Amino acid sequence: MSYHMYNREAEAMPKEKLRELQSERLCEMVKRVYEKVPMYRERFDSMGLKPEDIKSINDLTKLPFTYKQDLRDNYPFGLFAVPMDEVVRIHASSGTTGKQTVVGYTEKDMKLWGEVMARTIGAGGVTKSDIGHISYGYGLFTGGLGGGLGSETIGCATIPASTGNTKRQVTILEDFKPTFILATPSYALTIAEYMEQNGITADSLNLKAGFFGAEPWTESMRKEIEKRLNLKAYDIYGLSEVIGPGVAYECECQHGLHVNEDHFYLEIIDPETGEPLPDGTEGEIVFTCMTKEALPLIRYRTRDVGMRIPGECECGRTFVRMMKPAGRTDDMLIIRGVNVFPSQIESVLMELDGIAPYYQMIVERTGNLDNLTVLVELTEDTFTDEVRKLEAMSKKVTDAIHSVLGIACKVKLVEPKSIERFEGKAKRVIDKRTQVNF
Amino acid sequence: MLLKQISVFAENRRGAIMDITGVLFNAGVNLRAISIADTTDFGVVRLIVDKRKEALTALRENGMTVKETDVVALAVDDTPGAFHNALKALTESGIMVEYSYGFVSPIGEGATIILKCDDQEKALGCLTAKGFKLLTADDVKF
Ligand SMILES: [Zn+2]
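Order-wise, the sequence lines are chains A and B. Following this note's numbering, the numbering of the first sequence begins with 1 at its first residue and continues without gaps. Following this note's numbering, the numbering of the second sequence begins with 1001 at its first residue and continues without gaps.
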């Protein structure tokens, strides 16, 4: 079988050539940031490091890390490596804690973004004869505009549907017959649910592929989306600090996500020591943006947990694959000393028959004890007149969560649609604990 | 003949039952009987109504979770032992009653008992054979 590739020359470039290109690009970048970004210059100077000390990609580990806090400390434009005259786009992600993270793009950065997003969508077989439906939010969030840019770069007719007004989106899906969709996985399910409620089957749509990301999702959720929307679902990964969507993408083999390594270098490090970890070992994902002009970050600590997958992919791409992040360290909750990712709760629910995927976790502290309550929505299929069966259903969920996570929780069945539907990113967790540690 | 009962899921929160009755009132549906089974976390509101289809549509349109269940509606005399005799007949036939509630008969005399048994068809046969009077949807409609 031959695999789809938007830019075969880049994506399947020989390994040695890729390494050379990375070295060349890293050296050039290091010179540039030393000259243009005061924070990096100070950091290099205090380490006694000169740009000339970086001679190849092998010297990457000599460079200092960049933290999210650095972006906050230099808010809003302090880490930009170009004058504002050259910046053509600003995006910002709302921080759940503290200041928002601001990122900028030059004209060349926009081209780069279009290219890496085009590779992302192209990997799913999208060509310029396709029609794209972009259901990521358009605005300060990078999802909508970045996704749309990739679709337009390929030459697809692009529908900037953004989020919200699901009824109208379904009408567009039925009437304009887009062949692929970009959305958060939870919004894809909201669309599917709306269709089912209104007697619209996936047959009346023409979707063949969907590219989902921006929030953690599980394999069972992938199956659910594929079945209900009748398409092949691809996982995509990105973060605004690196470029937005387009950092890493799945090929048709769907065994990990290929990193656009000619532009973004992936390291996996031990979050405690900062030491690089060998392929096949889980650790913190770190990216270096070798070619970005406006915001070239060096060794940016994403706080996402991931792994470099060893070995080559059948598709022919030479770009390293990363394991789908297990969850963002920001999303991780520590409940009674146990690390819990919301996506784990989701997997549990999806694997239980007849349990709706709509849930919300509420963490509270009573005295010195953390209490986890999981709200699970009932559906007409799961609702029964018999109280005993409903109680058994709650117990089934409690037991399953206990066996997977090792913590006790209380499961509360709630009315359908009583858990807020998030048409952008899903907020699955309400942490009512005040952050008092020790 | 079995009667259709509507069950509605209700969270344990203030006004949950009123939300249900409000929807029915706005849809012009009259309640014939109501019973609430509750646990610490939620309740199941069971209803016998005059206009079943309208009630179902209105409840669903208001986002409520509903289910229809077949129940036996038994008309008994308003005399001591009337209900007991019915239960005795069911128990002797090996039928278990899961829940039951009663209301003043819409046909004017005696009382009406709603029964949900583990084997509804068998309960129906048993009670009919023993000469008990059972109500149908028409009896609660008028
Ligand atoms: Zn591949």
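None of these hints come from the bench; they were simulated from the model. Quantities reported herein were computed from a predicted structural model and do not represent experimental measurements. Honestly, I wouldn't trust all of these hints.
In silico DSS-like links for lysine-lysine, alpha-carbon gap of 25 Å or less [said to hold, decoys possible]:
1) A/K396 - B/K1067
2) B/K1088 - A/K417
3) A/K232 - A/K177
Restraint status (C-alpha distance of A/K232 to A/K177 at most 25 Å): With a Cα-Cα distance of about 16 Å, the restraint between A/K232 and A/K177 holds, given a limit of 25 Å.
Holds or violated: B/K1088 to A/K417, with C-alpha atoms at most 25 Å apart: violated, 44 Å
Distance restraint between A/K396 and B/K1067, which requires alpha-carbon spacing of 25 Å or less: holds, 21 Å
In the structure shown, a violation is registered for the earlier hint numbered 2 alone.
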